[in-house]
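For reference, the chains in residue letters:
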Amino acid sequence: MPTIASVTPDEASEKLGAFLQREHAAKKVRVENMRLLTGGASRQTWSFDATVEHADGRSETLALVARADPRVGVNTMSRETEYRVLQAAYDAGVPVPRMHLLGDDSLGVPFFLMDHVEGETIARRILRDDQYAEGRKVMASQLGEIAAAIHRVPLDTPGLAKLPQTELGLTPAETELARIEATYRSITLDPHPAYELAFRWLKRNVPPQSDLTLVHGDYRMGNLIVGPEGVRSVLDWELAHIGDPMEDFGFLCVRSWRFGNDHLPVGGVGQREELYAAYERAGGRKVDPQVQRWWEILGNLRWGIICIMQARAYLDGLSKSVELATIGRRTAETEWELMELLGAGSEQG
Amino acid sequence: MQDRPTFDELLGAVENFLDTEIVPNVPGARGFHGRVAANAIRIVRRELEREDEALAAEWAGLDALMVAETPPMGRKALREALRERNEALSARIRGGEADDGEFAQKAAQHVRNIVREKLRTTDPELLLRSNEGGH
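Protein sequence lines, in the order shown, are assigned to chains H and G. Using this note's numbering, you'd call the opening residue of the first sequence number 1 and step up by one each time. Using this note's numbering, you'd call the opening residue of the second sequence number 350 and step up by one each time.
In isolation and in its complexed conformation, chain H is listed as follows:
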């Protein structure tokens, strides 16, 4: 995995220390325990401790996380937009890490700093380890309550101003469908008749216009910090946009996020009914299961297209990661799930 624009952990410590010293007008800042939490294709996340000696003699140790682009010119949401969305979500009571500082050019790539939230993000551990057994029982309900909080963040909040919107004259569903189809057509290296069947079905069954809300856009197991009591924080807001709230429930129930717990459609921890009931109790809109299903089919298709994108990062020479290379073969599981959800060809299967 590449580090931040070829910055080693020692260099990152030095540069972030100098940055914090300037921002806090501190006498001295000592950065320790720099470690890479996730080295994804689209984002690098580092955690570290910063001991800040203030000018007035006070001293405090901050547990922080730096979220940075892996290289210059990554074509997704800017770190500044993500920082402001997270701040807006935090202010609205959504459980997200508290923002610390928006970065500058210290690292050579855009970044921001936020408070470290202790807990587990690795889905397989959350779904298997005994210490999360109690948390698993309530997670589907918690995810419903948290979604209700996300979906009622006022759209006139300044931090949401730069988010992608629904295309003029199109519904959110039409916007997303057109967007993922354009992506698929431009990146796929192989024909996928199963995806063509899904695109065709989605076009013929587009749900009606929905209310417009903040949508997390990547609401799933793997993007949550979890403790023994359940969900502590929702991470990875770089796909946030304004759209149909049911998009989040569709993506949450994509088969791949169940990590083998296939009978528990909500992230491998619960049933759809628990999610919907908690959502509605917490002030969310009434859930139409048909609309959720449309978004779940789109979600599986979208994840399949993301698999192709990740494989392209390897095939195009941007990364030598064995993980990105093998993700290219995970398209098959999304094709299978699409055929299951569409009930296509199953009578003799």
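You may find that some hints are simply not true.
Cross-link-like lysine to any residue pairs, in silico, SDA-like; alpha carbons within 25 Å at most [as the list claims (entries may be wrong)]:
1. Lys467/G to Pro191/H
2. Lys467/G to Gly343/H
3. Lys320/H to Arg391/G
4. Lys467/G to Val322/H
5. Lys320/H to Glu364/G
6. Lys203/H to Ala406/G
7. Lys467/G to Glu340/H
8. Lys320/H to Thr369/G
9. Lys467/G to Asn261/H
10. Lys203/H to Phe366/G
11. Lys425/G to Ile327/H
12. Lys320/H to Gly383/G
13. Lys320/H to Val372/G
14. Lys203/H to Asp448/G
15. Lys320/H to Pro376/G
16. Lys455/G to Leu341/H
17. Lys320/H to Ala386/G
18. Lys425/G to Ala311/H
19. Lys203/H to Asp449/G
20. Lys320/H to Ile371/G
21. Lys425/G to Arg329/H
22. Lys467/G to Arg329/H
23. Lys455/G to Asn205/H
24. Lys203/H to Leu177/H
25. Lys137/H to Arg395/G
26. Lys467/G to Leu341/H
These are calculated hints, taken from the structure and not from any lab test.
For this one, chain H is given, so just place chain G on it according to the hints.
Same frame as chain H, now just chain G:
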């Protein structure tokens, strides 16, 4: 012809090395990537074992669905020809020919068969969980 070990036996040695030496002893992201690498070897071993049969079955399935054609000689040419036929099938689905009716049913059945075969190579456990492990 090469001597023993066969390619499958050689890959088995690499897979075993990753599973028993790297994964339990290397912490963090590198150990995880060791696990991913071992899984990649398993995929390749299953694919090498199944590919000739799978390509022939896919060709026959397309023959039953569309105008029958004679397959080209050689694995590489066969893969390329299959790609083109799958493009043709995709275009027909995009054009709405598989929306309803008999072709829709036959196309869906064929696509399901092909995806099942892909999973026998890439993720046979998923098929077992779906009660689809057998042939």
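>> Hinted pair, alpha-carbon criterion (25 Å max): Lys467/G, Asn261/H. Please report holds or violated.
In response: holds, 21 Å
> Under the criterion that the straight-line Cα-Cα distance not exceed 25 Å, is the pair Lys467/G, Arg329/H satisfied?
Replying inline: holds, 9 Å
>> For a C-alpha distance cap of 25 Å, please report whether Lys320/H and Arg391/G respect it.
In response: holds, 19 Å
>> Does Thr369/G sit within 25 Å of Lys320/H, going by the straight-line distance between their CA atoms?
In response: holds, 24 Å
>> Next pair to validate is Lys203/H with Asp449/G; report whether the Cα-Cα distance is within 25 Å.
In response: holds, 14 Å
>> Run the distance test for Lys425/G versus Ala311/H: straight-line Cα separation, threshold 25 Å.
In response: With a Cα-Cα distance of about 21 Å, the restraint between Lys425/G and Ala311/H holds, given a limit of 25 Å.
>> For a C-alpha distance cap of 25 Å, please report whether Lys203/H and Phe366/G respect it.
In response: violated, 48 Å
>> For a C-alpha distance cap of 25 Å, please report whether Lys203/H and Ala406/G respect it.
In response: violated, 31 Å
>> Does Ala386/G sit within 25 Å of Lys320/H, going by the straight-line distance between their CA atoms?
In response: OK: Lys320/H and Ala386/G at ~12 Å, within 25 Å.
> Can the restraint linking Lys467/G and Glu340/H be considered satisfied, given a maximum Cα separation of 25 Å?
Replying inline: Given pair Lys467/G, Glu340/H holds - Cα atoms ~15 Å apart, limit 25 Å.
> Do the alpha carbons of Lys320/H and Gly383/G lie within 25 Å of each other, as the hint requires?
Replying inline: Given that 25 Å is the threshold and the Cα spacing comes to 14 Å, the pair holds.
> Quick one, are Lys467/G and Val322/H close enough, alpha carbons at most 25 Å?
Replying inline: Holds - the C-alpha atoms of Val322/H and Lys467/G are around 20 Å apart, at most 25 Å.
Hints 6, 10 and 25, counting from the list given before, are not met by this structure.
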